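Read top to bottom, the protein sequences are chains P and B.
Letter by letter, the first sequence follows residues 1 to 564 of my numbering.
Letter by letter, the second sequence follows residues 1 to 408 of my numbering.
Hint data in this document are derived by calculation from the structure and do not stem from the laboratory.
Remember, it's a predicted structure, so these values are computed and weren't measured experimentally.
Treat the hints with care, as some may be off.
Claimed, not checked - EDC-like cross-link-like pairs, simulated, lysine to aspartate or glutamate; straight-line CA separation at most 16 Å: (1) B:Lys93 <-> P:Glu137; (2) B:Lys152 <-> B:Asp276; (3) P:Lys160 <-> B:Asp292; (4) B:Lys376 <-> P:Asp159; (5) P:Lys136 <-> P:Glu342; (6) B:Lys93 <-> B:Asp366; (7) B:Lys376 <-> P:Glu158; (8) B:Lys160 <-> B:Asp292.
What the hints assert, rightly or not - Here are the in silico distance ranges between beta carbons for each label pair: (9) B:Gln288 <-> P:Ile349: 42 to 48 Å; (10) B:Lys263 <-> P:Leu23: 36 to 42 Å; (11) B:Lys263 <-> P:Asp361: 40 to 46 Å; (12) B:Leu153 <-> P:Ser165: 22 to 28 Å; (13) P:Leu23 <-> B:Pro165: 45 to 51 Å; (14) B:Arg161 <-> P:Leu374: 27 to 33 Å.
What the hints assert, rightly or not - If you want the footprint, here are the derived chain P segments under chain B, 3+ residues with CB under 8 Å: (15) 91-101; (16) 137-149; (17) 155-162; (18) 331-344; (19) 468-478.
Each residue gets a CB set at the ideal place from its N, CA and C atoms; glycine is no exception.
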Amino acid sequence: MYEDTDIQKILEKRIVKKDQGYLRMLLGLIILIALLIIFLWATFSSGTDRNKQFNFVLSSFTLIFIYAAFALSLNLEVGYVGLPNFGKIGFVAIGAYTFVILETTQGSNLFVHVFWSVIATLIFGVLMTLPSLRLKEDYFAIVTIVAGEIVRTIVQNEDKFGGTSGINYVNPIFKKYSADSLVKHIFINFTSFLFLLVIVAITVVIAIFQYRGYLKVNSSKRSMVRTLENADKVFLFFMLIGFIMNFAGIMDDGPSLGLDLMLLLTYFSIKIAKATLNMIVSDNKPTTNNVLVGISPLIIPIISIVVFFLLRFSKGDTVSIISTPKWYTAILSMSIMLIAYEVMNIMDISPLGRTLKAIRDDDTSAVSVGKGLLINRLKGFVVASFVIGFVAPFFVFFNAGVTPETYLPLLTFILYIMIIIGGTANNRGVVFGAVTIELLILTAQRLQSVNNAFIQNLSYPWGQKVDPVNWAYIITGVLLIVFLIFAPEGFFPERKYNNDRYLDDLYLADRDDDIDKSKFLSMLAKASKSSLIYGEPKEEIPSNFFSNLLDQVKNKFKGGSENE
Amino acid sequence: MSEEDKEIQKIIDELNEEEIKEIQEVKTEKQSFVTDHPIVSLVIAILIFIPIAWVFSVFTFTNLLQQFLFSVERAALYVMVCVGLTLTTRVLKFANFAHAEFLTIGVYTGLVITSFTNASEICLGDFCLDNIFLLSIFIFIITGAFAVLGEKLIFGPLRKRNATPLSLMVASIGFGLVIRQLVSDFFGGRDQKIDLQYPPFFDKVGSNLESIPVLKIFSIWFSERVEFSIIGTTKVIAFNRNMVWKVTMMIILVVLLQLLFKKTTLGISMRATADDIDLAQISGINTQRIIDWTWFIAGGVTGVGALFFLGPQAFVPFSGFAQLLIIFAVVTLGGFDSFEGTIVSAFIISAIQTMTILINSNLDPDNPLVFWSPNKDWSLVGPFATIIVVLIFRPRGLFGLVDPKSKL
Chain P
1 MYEDTDIQKI LEKRIVKKDQ GYLRMLLGLI ILIALLIIFL WATFSSGTDR NKQFNFVLSS
61 FTLIFIYAAF ALSLNLEVGY VGLPNFGKIG FVAIGAYTFV ILETTQGSNL FVHVFWSVIA
121 TLIFGVLMTL PSLRLKEDYF AIVTIVAGEI VRTIVQNEDK FGGTSGINYV NPIFKKYSAD
181 SLVKHIFINF TSFLFLLVIV AITVVIAIFQ YRGYLKVNSS KRSMVRTLEN ADKVFLFFML
241 IGFIMNFAGI MDDGPSLGLD LMLLLTYFSI KIAKATLNMI VSDNKPTTNN VLVGISPLII
301 PIISIVVFFL LRFSKGDTVS IISTPKWYTA ILSMSIMLIA YEVMNIMDIS PLGRTLKAIR
361 DDDTSAVSVG KGLLINRLKG FVVASFVIGF VAPFFVFFNA GVTPETYLPL LTFILYIMII
421 IGGTANNRGV VFGAVTIELL ILTAQRLQSV NNAFIQNLSY PWGQKVDPVN WAYIITGVLL
481 IVFLIFAPEG FFPERKYNND RYLDDLYLAD RDDDIDKSKF LSMLAKASKS SLIYGEPKEE
541 IPSNFFSNLL DQVKNKFKGG SENE
Chain B
1 MSEEDKEIQK IIDELNEEEI KEIQEVKTEK QSFVTDHPIV SLVIAILIFI PIAWVFSVFT
61 FTNLLQQFLF SVERAALYVM VCVGLTLTTR VLKFANFAHA EFLTIGVYTG LVITSFTNAS
121 EICLGDFCLD NIFLLSIFIF IITGAFAVLG EKLIFGPLRK RNATPLSLMV ASIGFGLVIR
181 QLVSDFFGGR DQKIDLQYPP FFDKVGSNLE SIPVLKIFSI WFSERVEFSI IGTTKVIAFN
241 RNMVWKVTMM IILVVLLQLL FKKTTLGISM RATADDIDLA QISGINTQRI IDWTWFIAGG
301 VTGVGALFFL GPQAFVPFSG FAQLLIIFAV VTLGGFDSFE GTIVSAFIIS AIQTMTILIN
361 SNLDPDNPLV FWSPNKDWSL VGPFATIIVV LIFRPRGLFG LVDPKSKL
């Protein structure tokens with residue numbers, strides 16, 4: 001017979017694992033918030049020019065979001081496909097240079113040139129994947145890093161590509177408005193109001209139709225959460241269009257700060273609504289009250305939209321508070337990063353993502369069940385290169401052009417560190433890692449010029465001054481090593497789907513011939529569906545839970561054998 | 001005879017002659033002439049270089065010889081710097097990205113010893129602390145110690161936890177980052193330089209040798225600067241004591257390593273560990289000790305190489321890291337874990353690099369066939385393109401043997 005303690009051990013192990021995961025995430029968030037506070041303190045206590053300080057914050061976050069998008073793309077290659085691509089920065093260089101050269105020679109046409117940038121990166125990505133079948137891991141790493149370096153050398157040496165000094169490029173949208181009046185309106189006008197209403201309506205309609213579809217196969221709660229998940233993706237798409245239209249001046253005679261704020265507010269409200277729904281609504285039986293409480297965060301943006309619309313009539317307009325294009329790049333890069341994040345999340349749960357993970361874990365068995373090695377790796381690399389080709393033009397916006405020094409292999413190494421510390425094959429973790437590491441480095445940059453006597457006077461006994469940036473990199477390196485040794489899965493461990501569970505159960509069932517395996521499995525499956533074990537632990541687990549469960553299982557089996 | 005032995009004997013008896021021949025043939029195939037005799041392969045590599053250089057160059061013999069000497073000098077430096085990486089890769093089975101930082105440590109150790117402690121005053125007879133031979137020994141020990149530290153703190157614990165090669169690679173990136181930033185924080189980003197100091201008696205010996213006609217050629221090892229003129233031309237070949245000693249040190253190093261691998265117990269156990277770590281452990285080899293020694297030798301050799309590689313020119317804390325890719329190019333082309341391959345590919349890469357520079361400097365930029373800008377620095381593109389092409393056709397480099405366990 002199976003031992004009582006066996007099942008108990010397995011179940012206990014799972015709960016403990018889950019708790020540890022949450023603790024680590026909490027620790028990560030605390031570190032992030034602490035860093036953010038230090039960053040803001042360092043920024044606002046260095047120099048006296050407020051405008052400069054705001055500029056620095058905005059451009060810092062632009063850089064952070066762009067790096068997060070790069071890291072997400074690299075994570076697809078390293079975490080899911082399992083190929084160590086050390087030449088990521090070469091891909092970025094290809095995309096950025098294609099975009100800039102087309103923009104400067106053919107005249108500005110944002111959408112078409114982003115398309116060509118994507119195509120160029122895709123071709124490079126496909127070319128880089130082809131040798132992966134024949135090459136071992138470390139050889140592949142060398143080939144990619146060297147290919148990236150060749151790209152950099154070519155653009156550095158050829159005068160057609162700008163040479164050492166690179167190409168300066170400013171998008172006409174920035175040129176159109178003078179720096180003083182980049183944000184013309186704080187509030188929103190009638191067209192923007194209409195636009196917001198229309199996209200909210202479209203999102204709601206899509207959500208209602210999808211909810212009905214999901215309801216046929218899922219429980220009510222699951223359908224509701226899934227519907228909101230898709231609704232925020234739809235809204236994200238419209239949000240990006242809204243940002244671009246706003247700054248291109250299609251909505252109004254000048255960009256409006258209010259529209260951007262409202263779009264962001266609505267997007268994050270949908271996210272918050274999803275989270276609250278997930279928490280509040282109990283499994284399978286959502287009452288009307290629950291649902292209303294759950295989606296109540298959605299009311300906030302709707303009220304604010306109306307308020308921002310009405311305020312325009314009472315307060316007037318044409319107020320310029322932000323005199324910098326940095327606002328635009330920050331907002332754009334954030335929405336681009338969010339899109340990359342959503343794409344990677346879809347990859348995570350899609351059949352392709354699961355196939356890639358199977359190939360990564362054991363390519364021989366994946367091939368033996370009919371999964372093509374090359375074609376799947378190509379698909380993975382194509383998606384990753386697509387994201388890079390899409391983000392690279394925005395990296396150009398941030399740098400106001402291209403210079404070869406931006407595309408040194410060191411950047412790829414930093415991206416790797418972000419992935420490892422955040423958590424390989426976990427998109428949330430990758431974004432967290434990117435934000436934390438980049439914030440750490442940027443904080444150190446600010447600390448160099450902070451008005452603080454203690455930090456300014458730090459020096460070694462032999463007279464060399466202590467440089468905070470160096471120490472930021474040292475801390476990063478030490479963190480990386482510590483994580484690799486003691487917690488290789490990072491702050492946010494990879495989400496395991498049910499595979500392990502089934503393996504354990506099969507193993508238990510195999511050990512005793514008397515057990516009716518199908519019944520045993522269905523019993524354990526039921527137990528596993530219970531939110532007590534696999535959901536977020538909402539209430540405390542009763543002390544006799546395991547023994548009760550075990551008794552239930554035993555009784556079932558006894559009953560089953562008697563009936564037979 | 002036990003029963004098992006009897007069974008084995010039975011199987012051997014059952015093998016017919018053809019099968020035995022097949023097995024023997026496979027054995028002989030594996031023993032290729034080139035891989036078994038590194039010195040021979042070295043000579044072959046040099047011989048390959050000469051006709052190619054003839055074809056591509058429009059130079060006089062003197063000029064060609066001069067470039068050839070530069071190429072050999074660079075190759076010698078590459079050998080010194082890359083052999084350590086080959087060693088660690090072969091024994092530990094991962095690409096160590098922190099290897100470039102051993103160069104940094106080596107060269108900065110030299111800097112500390114020569115400049116910070118007034119080393120020229122610490123003398124034992126003719127041997128002062130800052131002469132290159134004593135300096136090399138110190139650098140060897142200190143850089144080796146740093147490498148062992150890395151093993152103890154990072155790679156050892158990771159191996160115990162069954163880390164994948166990828167995580168070992170990333171860990172080495174982190175290790176490299178920490179060392180690099182520490183060095184640049186301690187020493188600042190200033191340009192530094194080490195003048196290679198020779199023992200005083202070298203000058204005496206050199207001046208004595210120069211007066212003897214037959215032995216004059218040996219004076220290049222000892223005297224400051226000797227110029228050779230080729231008979232029949234007025235062109236002069238620039239020769240440098242540093243240059244000669246770089247090559248000499250390389251040859252000494254290669255011979256010493258050969259002796260280590262072939263003759264000593266340590267070297268033989270090192271090879272055994274590299275081939276199969278479990279089997280080595282079963283045979284009573286203390287593999288952890290062997291791995292420590294591997295790191296020590298690899299780090300030390302690289303540090304000494306760095307003294308010659310980076311020392312004479314101006315260097316900054318990032319100079320070592322800047323050489324990372326070319327080091328990897330050399331090692332990868334040679335097959336990543338082949339000692340002989342590294343030596344040969346150092347010469348090949350150096351030759352390609354020299355040729356890339358030569359060809360580009362002699363091209364006419366206005367020629368429509370020349371679609372690139374030949375007057376720029378293309379010296380790294382030649383070697384990099386070569387290794388990509390070679391790896392596509394020979395996935396394990398020129399000398400790498402196919403691993404029977406590998407699925408590829």
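Hints and how they fare:
1. Our distance criterion of 16 Å between C-alpha atoms is met by Lys93 of chain B and Glu137 of chain P, whose separation comes to about 11 Å.
2. The straight-line distance between the Cα atoms of Lys152 of chain B and Asp276 of chain B is roughly 21 Å, outside the 16 Å bound, and the hint therefore fails.
3. Restraint check for Lys160 of chain P and Asp292 of chain B: the C-alpha separation of about 51 Å exceeds 16 Å, so the hint is violated.
4. A threshold of 16 Å between alpha carbons decides the hint, and for Lys376 of chain B with Asp159 of chain P the separation of about 10 Å falls inside it, so the pair holds.
5. Simply put, Lys136 of chain P and Glu342 of chain P have alpha-carbon atoms about 31 Å apart, too far for the 16 Å limit, and the pair is violated.
6. For the proposed pair Lys93 of chain B and Asp366 of chain B, the alpha carbon gap of about 49 Å is over 16 Å, so the pair is violated.
7. A threshold of 16 Å between alpha carbons decides the hint, and for Lys376 of chain B with Glu158 of chain P the separation of about 8 Å falls inside it, so the pair holds.
8. At most 16 Å may separate the alpha-carbon atoms for a hinted pair to count; Lys160 of chain B and Asp292 of chain B meet this at roughly 14 Å.
9. The hint said 42 to 48 Å for the Cβ distance between Gln288 of chain B and Ile349 of chain P, and at roughly 44 Å that hint holds.
10. Evaluation of the 36 to 42 Å hint for Lys263 of chain B and Leu23 of chain P yields a failure: the beta carbon distance comes to about 56 Å.
11. In this structure, Lys263 of chain B and Asp361 of chain P meet the distance hint of 40 to 46 Å, their C-beta atoms being roughly 44 Å apart.
12. Between Leu153 of chain B and Ser165 of chain P, the C-beta spacing of about 42 Å breaks the proposed range 22 to 28 Å.
13. In this structure, Leu23 of chain P and Pro165 of chain B break the distance hint of 45 to 51 Å, their C-beta atoms being roughly 30 Å apart.
14. Here the CB-CB span from Arg161 of chain B to Leu374 of chain P is close to 32 Å, well matched to the stated 27 to 33 Å.
15. Counting residues of the stretch 91-101 of chain P whose beta carbon lies closer than 8 Å to any beta carbon of chain B gives 0, which falls below the threshold of three, so the coverage claim is violated.
16. Counting residues of the stretch 137-149 of chain P whose beta-carbon sits less than 8 Å from any beta-carbon of chain B gives 10, enough to reach three: the coverage restraint holds.
17. Counting residues of the stretch 155-162 of chain P whose beta carbon lies closer than 8 Å to any beta carbon of chain B gives 4, which reaches the threshold of three, so the coverage claim holds.
18. Check result for the stretch 331-344 of chain P against chain B: violated, 0 residues qualifying (beta carbon to beta carbon below 8 Å, three or more required).
19. Residues of the stretch 468-478 of chain P with a Cβ under 8 Å from some Cβ of chain B number 7, which satisfies the need for three, so the listed coverage holds.
Comparing the model with each earlier hint shows violations of hints 2, 3, 5, 6, 10, 12, 13, 15, 18; every other hint is respected.
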